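In order, the protein sequences belong to chains A and B. Sequential numbering from 141 applies to the first sequence in this note's numbering. Sequential numbering from 63 applies to the second sequence in this note's numbering.
Since the hints were derived computationally from the structure, they do not count as laboratory data. Please read these numbers as outputs of a predicted model, since none were measured by experiment. From the three backbone atoms N, C-alpha and C, an ideal C-beta is built for every residue, glycine too. There could be a bad hint or two in this list.
What the hints assert, rightly or not - Selected chain A positions facing chain B (Cβ under 10 Å, derived; list incomplete): (1) M350; (2) F351; (3) V433; (4) I434; (5) D457.
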Amino acid sequence: MSDKSTIPFGPQHPVLPEPIHLKLVVEDEKVVEAYPSFGFVHRGLEMLVQKKDFNQMVYVVDHICGICSAMHGQAYCQAVEELIGIDVPERAKYLRVVWAELHRIHSHLLWFGLLADAFGFENLFMLSWRIREKIMDILEATAGNRVIISVNIVGGVRRDIDTEQAKWLLDELKEVEEGLKELEKIVKNNYTIKQRTVGIGVLSKEDAYMFGAVGPTLRGSGVPIDMRTTGYAAYGNLDFEPVVETDGDTYARTIVRVREMFQSIDLVRQALNKMPEGEINVKVKPNLPAGEVITRVEQPRGEVFYYIKSSGGKNLDRLRIRTPTFANLASLLHMLPGSTLADVPVLVLTIDPCISCTER
Amino acid sequence: MINSREVKVDEIEKEAKYYYDNGYRFVTETCLEEDGKFKIIYTFEREYELENFHVYVNPAEEVPSISKIYFAALLVENEIQELFGVKFKNLAIDFEGLLFLGEYAPISPQASIEIMRRDKGDKNE
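Generate coordinates for the entire structure from the input sequences, incorporating the hints supplied.
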């Protein structure tokens, strides 16, 4: 006869950088059911559209998340720009790519450090975050801030990267690339990493697709969907193919993220080399037209969905944000039953959860 | 700009099944208020193309959940239920108002249409 026990996981837990609660029903060491609850950092930011005008809202969405902040601003601005019907200067589109890809690298490195910490590989955690510091320095030098860089505005971007700064940035990226090669070597050869990730949290291609998974969680299961393929910002002018792995386990998702960091470096190089001279923003009229727009942008964790509705004036009627972690939670709930209790921290981190994004 | 067609509340499950059977993945549901009613927009995707349909729901009306067709709809429907007070029936898991909000949180904080929470076991009722 087996007895079921219920174990609370979080909201405060050593592997969780942000609070999420899971009620785990276990039989001995095996998880048989998992129920999430959130709300520990719910801020109701979507409702601020009623009080803040559409320009002020850029700063609000920038603060949804500290890791993919620039991409929240970008997605929101793209939606408003489509609603107004303005075309952003070409240079601004390339600059958006540069900052977005730098965010992707530092997000993946942050996640990698947390994963290493979760399975007790402290040195790898330190290596990962040491490389990440270089990206943070680049963000500070180019945008004036390390985390919430607030470069996007409706109509373009607020800062430029001149030739000298671009040259310095590319030199810094060479050092980042060297660090990533070292990290990649460890990921591909280390016994501990493979023991803790290979075959853990397997998500089939069909399940990943029908559970609505996005980002590395989806692509690690062999589904080549990446919003950058749609060519928003300047991605349409850059060589780009989604990174895909087919094993569908935690290791496959790790490899996707490692390969994506190299790809992001390549995209930054391409963007800086192809970036045309010119204006970086255009002036925008103070009132919005009526209408509804949906935009999607590929954040580090996957596709973010922005819906905006306006009936005219300075304020939007509705802003709805479906973040990538929100989309990946169904897959997590599918992966947890059947796993062992010891693998739960790794499984929670395998989707790279961002709770601030999810709760908004 | 988005294309969305209106369907009736009792056609939601049939529509969702159509998208499921034709290989669309679930993207999200979006709830907003229009003229004293709730409007819920359902969004699906196949090969980067979005398909939307929407329903208008009276404040007292129950909406059939599509979470038994698309499991991924489970969380957003619970979220809409909590933040707007729209009641979904046949949810795969009904968090009964406690997914995002706490036990003593305001009722349906994102809705201006006032709705009493009808979940069983609710302490605020």
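Hint by hint, here is what the structure shows:
1. Interface hint at M350/A: satisfied, since its Cβ lies 6 Å from the closest Cβ of chain B, which is below the 10 Å cut-off.
2. Interface restraint check: F351/A against chain B, minimum CB-CB distance 5 Å, threshold 10 Å, status holds.
3. Hint on V433/A holds. Least Cβ distance to chain B is approximately 6 Å, under the 10 Å limit.
4. With 10 Å as the threshold, the beta carbon of I434/A comes within range of chain B, its nearest partner Cβ sitting at about 5 Å, so the hint holds.
5. Hint status for D457/A: holds, given a least beta-carbon distance of 7 Å to chain B, under 10 Å.
Checked against the numbered hints given earlier, this structure breaks none of them.
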